[in-house]
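Line order of the protein sequences matches chains W and V.
Numbering-wise (our numbering), the first sequence opens with residue 29 and increments by one.
Numbering-wise (our numbering), the second sequence opens with residue 29 and increments by one.
One copy or two, either will do: identical chains are not told apart, so a pair holds if it fits within one copy or between any two.
Computed list of lysine to aspartate or glutamate pairs in DMTMM-like fashion (alpha-carbon distance at most 25 angstroms, straight line): (1) Lys295 x Asp242; (2) Lys295 x Glu285; (3) Lys192 x Asp126; (4) Lys192 x Glu98; (5) Lys165 x Asp257; (6) Lys79 x Asp318; (7) Lys199 x Asp246; (8) Lys203 x Asp87; (9) Lys165 x Glu308; (10) Lys165 x Asp318; (11) Lys203 x Asp126; (12) Lys145 x Asp302; (13) Lys295 x Glu214; (14) Lys117 x Asp212; (15) Lys78 x Asp92; (16) Lys59 x Asp126; (17) Lys145 x Asp212; (18) Lys295 x Glu282.
It should be emphasised that the hints constitute simulated quantities derived from the structure, not laboratory data.
Model, not experiment: these values are computed from the prediction.
Protein chains: 2
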Amino acid sequence: MEGGCAVVALIGRLAIIGVGLIGGSLARALKRARACEHVIGCARNQEGLKKAMALGVIDEFAMDVGSATEGADMVVVATPLGTTEAILKSMAGHLHADALVTDVGSAKATVAAAARKSLDRHLALFVPGHPVAGTEKSGVEASFAELFEGHRVILTPLLETDPKAVQRVQKMWEKTGAEVIMMDVERHDKLLAATSHLPHTLAYSLVDCLAQMDERADIFRFAAGGFADFTRIASSSPSMWHDICLANRDNLLEVIEQFSHRLEELKDALREADSNALMEMLTRAKAARDVYAANCNSQRAPGKTGPAVGPKS
Amino acid sequence: MEGGCAVVALIGRLAIIGVGLIGGSLARALKRARACEHVIGCARNQEGLKKAMALGVIDEFAMDVGSATEGADMVVVATPLGTTEAILKSMAGHLHADALVTDVGSAKATVAAAARKSLDRHLALFVPGHPVAGTEKSGVEASFAELFEGHRVILTPLLETDPKAVQRVQKMWEKTGAEVIMMDVERHDKLLAATSHLPHTLAYSLVDCLAQMDERADIFRFAAGGFADFTRIASSSPSMWHDICLANRDNLLEVIEQFSHRLEELKDALREADSNALMEMLTRAKAARDVYAANCNSQRAPGKTGPAVGPKS
Numbered sequence: 029m030e031g032g033c034a035v036v037a038l039i040g041r042l043a044i045i046g047v048g049l050i051g052g053s054l055a056r057a058l059k060r061a062r063a064c065e066h067v068i069g070c071a072r073n074q075e076g077l078k079k080a081m082a083l084g085v086i087d088e089f090a091m092d093v094g095s096a097t098e099g100a101d102m103v104v105v106a107t108p109l110g111t112t113e114a115i116l117k118s119m120a121g122h123l124h125a126d127a128l129v130t131d132v133g134s135a136k137a138t139v140a141a142a143a144r145k146s147l148d149r150h151l152a153l154f155v156p157g158h159p160v161a162g163t164e165k166s167g168v169e170a171s172f173a174e175l176f177e178g179h180r181v182i183l184t185p186l187l188e189t190d191p192k193a194v195q196r197v198q199k200m201w202e203k204t205g206a207e208v209i210m211m212d213v214e215r216h217d218k219l220l221a222a223t224s225h226l227p228h229t230l231a232y233s234l235v236d237c238l239a240q241m242d243e244r245a246d247i248f249r250f251a252a253g254g255f256a257d258f259t260r261i262a263s264s265s266p267s268m269w270h271d272i273c274l275a276n277r278d279n280l281l282e283v284i285e286q287f288s289h290r291l292e293e294l295k296d297a298l299r300e301a302d303s304n305a306l307m308e309m310l311t312r313a314k315a316a317r318d319v320y321a322a323n324c325n326s327q328r329a330p331g332k333t334g335p336a337v338g339p340k341s
Numbered sequence: 029m030e031g032g033c034a035v036v037a038l039i040g041r042l043a044i045i046g047v048g049l050i051g052g053s054l055a056r057a058l059k060r061a062r063a064c065e066h067v068i069g070c071a072r073n074q075e076g077l078k079k080a081m082a083l084g085v086i087d088e089f090a091m092d093v094g095s096a097t098e099g100a101d102m103v104v105v106a107t108p109l110g111t112t113e114a115i116l117k118s119m120a121g122h123l124h125a126d127a128l129v130t131d132v133g134s135a136k137a138t139v140a141a142a143a144r145k146s147l148d149r150h151l152a153l154f155v156p157g158h159p160v161a162g163t164e165k166s167g168v169e170a171s172f173a174e175l176f177e178g179h180r181v182i183l184t185p186l187l188e189t190d191p192k193a194v195q196r197v198q199k200m201w202e203k204t205g206a207e208v209i210m211m212d213v214e215r216h217d218k219l220l221a222a223t224s225h226l227p228h229t230l231a232y233s234l235v236d237c238l239a240q241m242d243e244r245a246d247i248f249r250f251a252a253g254g255f256a257d258f259t260r261i262a263s264s265s266p267s268m269w270h271d272i273c274l275a276n277r278d279n280l281l282e283v284i285e286q287f288s289h290r291l292e293e294l295k296d297a298l299r300e301a302d303s304n305a306l307m308e309m310l311t312r313a314k315a316a317r318d319v320y321a322a323n324c325n326s327q328r329a330p331g332k333t334g335p336a337v338g339p340k341s
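Take the sequences, apply the hints, and build the full model.
Following this line, the structure appears as structure tokens:
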């Protein structure tokens, strides 16, 4: 109640399947914005759900997807990608006719395929989504209401998706302080392979490589400040990244190939002590990184809409 | 003057050759600790020196190494590695008999060779050093007195180095709040190739790779939060890293080779959709990264001496 008028929340009953960093943060953000009335959490791990209750992130929990989604207005699937198909199948018979369904997976082609296979007549109300936000931490205890503020959420509606469903999911995300963007599935998966899945792959590979070296004790002991930043993403959830890597493996393999080619060029420059080639490459990379950083900063300033194009040489 | 007693500073006249992030921060830290009386800066770029004067980082400047080092008690070479030999040669005839000389280069074998070639009878008073601290920024305007606090400075004395010279350089670094560690040149260069030079190489290669892609505008636009951390080091000074890569190229090539091998394994796991192999690798890497992070945190707690050994599987 505000000013004597009853305020109707955007979402009456919100079901969050997978109450971890993303699912938990979404519930917190929507509660903070008074955009939902009741949150029901669902997960395989009861301990996590009890923790989520204790933290006030959810109001109720169910151990099976069917009962969690029964009567929900909005269902958000926030589990590792490999579980999406089974979860969509489990809810299909329980959803009420107007219930919206969305997800938060970092790769969208397998999600689209899973939805087409599992949601049947409900497919039009499924809106694939991806909040491009997160930390290296996992679990509801790492969730916080501000996670999505100033970040982008990419929605990748299918041909079958009802535009009104897209609008309502967009509205939900906007309540968290995120900027919502539309993109097709293929473009999303290609872009994310480059900007997110490749960096994660490199960070995991680097840490694994160093951890196998004989000098590993001293290596981790004498690592400089930059190392912590560079490898932070390798502390992300292995099961989540296992699923992302496999879900988007064709795109990921392609960008790894391109990266390897670039690294090979750098190796050649080193082997031949080719000072010019090396200097050119480092200068080019720094210029691109500086443009990116400047755009990140200007995005935070009010009134800006988006960054300029990165350099190409 | 404190309490009516004249306090004699550790260093009377300090000459900093290269007043950038590291040289400038060292001058600031020593001034803050009242560990030096007078700082003379030297660089090729007069603008930077004037800025350093205006910022109070140095008290005086000279445009040539000879006059800058004349009469100095302590000379710190803080320029890109490729300039070390020429700089040591320029000061050799000007140093007074007791003047200590040290440097801050991130690779030590070429520095040791340069010192042996250039310093002649003064070699015993040269202490190769490497503060394992920094940011991706460059220039005196990025310098700050706290840069070395809680960080390690590695000294790599040569067989020819006078132990008393080592002690005095150690004392200087301790005044900045750093922990000083001794290591031989070969071990230093091997470790730093793994912990610092390899990550920088990967970050530069990644950014350069993405900046060449057709979708580069959107790639940099839709990069997630982790991307900024992961690529931050690619904004470091290209000329500095050009010199480091070339100075330590044998060790660097070796660790790049090991990394490529690891990445190849991951590619194989992806190609074959080998779920177990992928999961094992990600889990192993996360475990190693978490041990590293826990040790970093425990080092910050008082009374701790160093981190435990990272896992090996």
